[in-house]
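Okay, here's what each chain looks like letter by letter:
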Amino acid sequence: DAGITQSPRYKITETGRQVTLMCHQTWSHSYMFWYRQDLGHGLRLIYYSAAADITDKGEVSDGYVVSRSKTENFPLTLESATRSQTSVYFCASSEGSAANQPQHFGDGTRLSIL
Amino acid sequence: GEDVEQSLFLSVREGDSSVINCTYTDSSSTYLYWYKQEPGAGLQLLTYIFSNMDMKQDQRLTVLLNKKDKHLSLRIADTQTGDSAIYFCADDRGSTLGRLYFGRGTQLTVWP
Numbered sequence: 024d025a026g027i028t029q030s031p032r033y034k035i036t037e038t039g040r041q042v043t044l045m046c047h048q049t050w051s052h053s054y055m056f057w058y059r060q061d062l063g064h065g066l067r068l069i070y071y072s073a074a075a076d077i078t079d080k081g082e083v084s085d086g087y088v089v090s091r092s093k094t095e096n097f098p099l100t101l102e103s104a105t106r107s108q109t110s111v112y113f114c115a116s117s118e119g120s121a122a123n124q125p126q127h128f129g130d131g132t133r134l135s136i137l
Numbered sequence: 548g549e550d551v552e553q554s555l556f557l558s559v560r561e562g563d564s565s566v567i568n569c570t571y572t573d574s575s576s577t578y579l580y581w582y583k584q585e586p587g588a589g590l591q592l593l594t595y596i597f598s599n600m601d602m603k604q605d606q607r608l609t610v611l612l613n614k615k616d617k618h619l620s621l622r623i624a625d626t627q628t629g630d631s632a633i634y635f636c637a638d639d640r641g642s643t644l645g646r647l648y649f650g651r652g653t654q655l656t657v658w659p
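Quick note, the sequences are listed as chains U and L, same order. In the working numbering, each residue's number is its place in the first sequence (first place is 1) plus 23. In the working numbering, each residue's number is its place in the second sequence (first place is 1) plus 547.
By construction, these hints were calculated from the structure, which means they are not laboratory data. Computed from a prediction, not measured in an experiment: that's the story for all the values here. Do not rely on the hints blindly, as some may be mistaken.
[Unchecked claim] Calculated cross-link-like contacts (lysine to aspartate or glutamate; reagent style EDC-like; alpha-carbon spacing at most 20 Å): (1) L:Lys583 with U:Asp130; (2) L:Lys583 with U:Asp61; (3) L:Lys614 with L:Asp601; (4) L:Lys617 with L:Asp550; (5) U:Lys80 with L:Asp550; (6) L:Lys583 with L:Asp605; (7) U:Lys93 with U:Glu118.
[Stated by the list, open to error] A few chain U residues that don't get close to chain L, going by computed Cβ distances all over 12 Å: (8) Ser51; (9) Gly86; (10) Val88; (11) Ser90; (12) Glu102; (13) Leu137.
Heads up, the beta-carbon is just placed ideally off N, CA and C, and yes, glycines get one too.
In isolation and in its complexed conformation, chain L is listed as follows (with noise of 0.2 Å):
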């Protein structure tokens, strides 16, 4: 199976939250990041988390992190339309080499 798992869609009403989850295996791992696509281009870091922290808040993003159960979550408060876009769960698994495992990405669609 898959070492960094999300659910593949999540639609939510602008203005909503929106929550993200994402699984991870590998306990070794130091940082966790989420990064965003946007249609057509490359992947875009939002934010990351250091995996001795149980959560972080940046404006409208909070991410929490479970360290027991492997569980990743990134919240975006005040959903708007313009965050449709995939979201990606990666970690390091403690690579010193800058190498990121991501998961699948989930895709959000956010409805007026």
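One chain only, chain U, in its complex shape (with noise of 0.2 Å):
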């Protein structure tokens, strides 16, 4: 009964670091996303994949990369972390696109970048 996890939940680390978040599902939904939440931004994509092995770039997507090798894991890799990428990352899930087919969320993985 995992459902959406994501490692780590709190993460400080140093700026030019290269830090990877995780998200595993274990429903099998084809589609995933990572979603970055600034105060007085709300939610921004950052990336999403449709599939295994198709991904796609959201609207903040400068400064981080995806991979899509297995459907249940879509880490989210910031290759020379930078202080404006201080936020909170959520990972989302749904199996399709379609209304009764909604977003399901992560709990978050809190990163401080120093």
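From the two separate chains plus the hints, produce the assembled complex.
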């Protein structure tokens, strides 16, 4: 009954470091998404994926990289972290794009970059 | 400006009704959604409405949609302290890829 799991829950790192946020879902959902949540901006889409090996950029993708070699995993990598990437990151998945197939969210990773 | 706009804060007394408002700009939206976020957690879908509907009721929740004015509202009847959370409006802009576009969220505080 894991659902969608994000790890780590909290991370502190330094500017210039590479950091990877993990996302794992047990439903075999086709669609997966990465968002960042910042005060005053709501949720903004970073990357999304319609299936394994298919990914596409969202509205704030600069500085981020994703991969989807397996349906259940969708890691997000910050190649060289910057302070502006301090945020709360949410992963979500959905079975499809219809309204009765809503996005299910993980509990988030709070990332601080010093 | 924001494509999906919400007021940032709302405070109500326990037992009163809460009304959270949202405006959107994209006329191609097919579905509009309300999500709830409790402290330290992710977002949970509360309800949604198809764009050709005017109203949808689900227990204490009533969603009203004015498509002409691109205005969406969420009414919570008999608001409880457990309803205190951030509420997000989202629309799909007709996307077939499951993409959603979120507002900034409304922080609802319910006073006992």
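A quick look at each hint next to the structure:
| no. | hint | verdict |
| --- | --- | --- |
| 1 | L:Lys583 with U:Asp130 | 13 Å, holds |
| 2 | L:Lys583 with U:Asp61 | 16 Å, holds |
| 3 | L:Lys614 with L:Asp601 | 8 Å, holds |
| 4 | L:Lys617 with L:Asp550 | 11 Å, holds |
| 5 | U:Lys80 with L:Asp550 | 19 Å, holds |
| 6 | L:Lys583 with L:Asp605 | 15 Å, holds |
| 7 | U:Lys93 with U:Glu118 | 15 Å, holds |
| 8 | Ser51 | 15 Å, holds |
| 9 | Gly86 | 20 Å, holds |
| 10 | Val88 | 19 Å, holds |
| 11 | Ser90 | 18 Å, holds |
| 12 | Glu102 | 24 Å, holds |
| 13 | Leu137 | 22 Å, holds |
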